[in-house]
Amino acid sequence: MPTEHDDLIEKLKPAFAADRQRDERIARAAVRRVRDKIVAGEVAPARGWDWGWLISGLRPAVALTAACALAIIALSWFATGRATNATSSVYVSFAAEQTGRGTADRPFNSLERGTTQVKPGGTLNVKSGATAQPIRIEKPMRLVAVDGQVRIGKL
Amino acid sequence: MNAAIGLDSASDAPQAAEPETGDAGLVVRAAAGEAGAFGTLMARYSPVVLGYFYGRVRVDADREDLLQEVFLEAFRQLGRLRRPERFGPWLMRIARSKLLDFWRHRQRHAGRETGGPPEELPIEPADPGPGPREALAESELHRRVRDAIGAMGDKYRTVLYMRLIADQEPHEIARRLGIKESAARMRLKRGLEMLRKDLGPLQ
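From first to last, the protein sequence lines stand for chains A and B. The first sequence begins at 25 in the numbering used here and counts up by one. The second sequence begins at 39 in the numbering used here and counts up by one.
Source of the hints: derived by calculation from the structure; they are not laboratory data. Honestly, I wouldn't trust all of these hints.
Label pairs and their computed distance ranges (CB to CB) [to be verified]: (1) A:Thr89 <-> B:Lys227: 37 to 43 Å; (2) A:Ala90 <-> B:Arg120: 38 to 44 Å; (3) A:Thr89 <-> B:His143: 27 to 33 Å; (4) A:Trp101 <-> B:Val97: 25 to 31 Å; (5) A:Thr127 <-> B:His147: 48 to 54 Å; (6) A:Asp31 <-> B:Gly60: 54 to 60 Å; (7) A:Arg57 <-> B:Arg181: 27 to 33 Å; (8) B:Asp100 <-> A:Pro38: 23 to 29 Å.
Note that CB positions come from ideal geometry on N, CA and C, so glycine has one too.
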């Protein structure tokens, strides 16, 4: 079946006569070397399930899954404020969201997280409200009720 | 190049053409230890693998080594090929893997000097080029066509090589690559269009 590019093929073919001969020589040499190895018993077909190929095929999927898992862990870590570095001034509001980061506009929602994150000698600023949760302080810090009364412990 | 080069033949000269046996039958026989069957497969698929390497690996000795590595790996893994009729595409996956290994090995050594990370399957940068005599003989047209084909994607490069250099017909190309003849013709058409565009008007 003639095609519109037959003229191009016919023009180019002679330019590749040397390539053709050279590649025939390469193919013959490679085939001969493989044949010699097979005949000499240096290589034999493997049997059974090919776990190596399966593993190599799965490798990109495993790497991608691991990268996604790490990204999710890192995001949730930051989102919950766990990665917030210890700081000299930390805010807590009992009415805050769990995703607080200890700042004035995004305060932590528990005293435990506030006392953990504040630096020794720092200030724990507690917004007005009440909590039944106990407070345990194991380092020097200032406790400040920033905008009204704060009740801690039994309500 | 497409002639059968039997492993059991004493000579490396191409043998007389035989009625083509299906790849699946040859794969089963080769996996059972029939060396001649594998020889026929190697002869059939040498142009395909060399086409895949064309323009990417230009040193003859490297291409010969790679071709040998591909066939040795194929022979080792033959018993694990679940669909013998898909020998061609399976072999090309081995060829791709070997080419990547080749480039990683190259980059490990060259990287100390260049420092940059390797691109996947780059065109060989460290081509020493032909010797003085070959350089004289190599026509400008040949060089331009070789570079243009070498820069093409795998599917066009292989098909163009098989048509222009290995002198195979579209139905043979389709059979080797495990694709429909219409797909082979389409790849060939698009590849030639790209080539024509790259080359401009020919004298």
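* When the hints from earlier in the document are held up against this structure, which numbers fail? -> 2, 4 and 6
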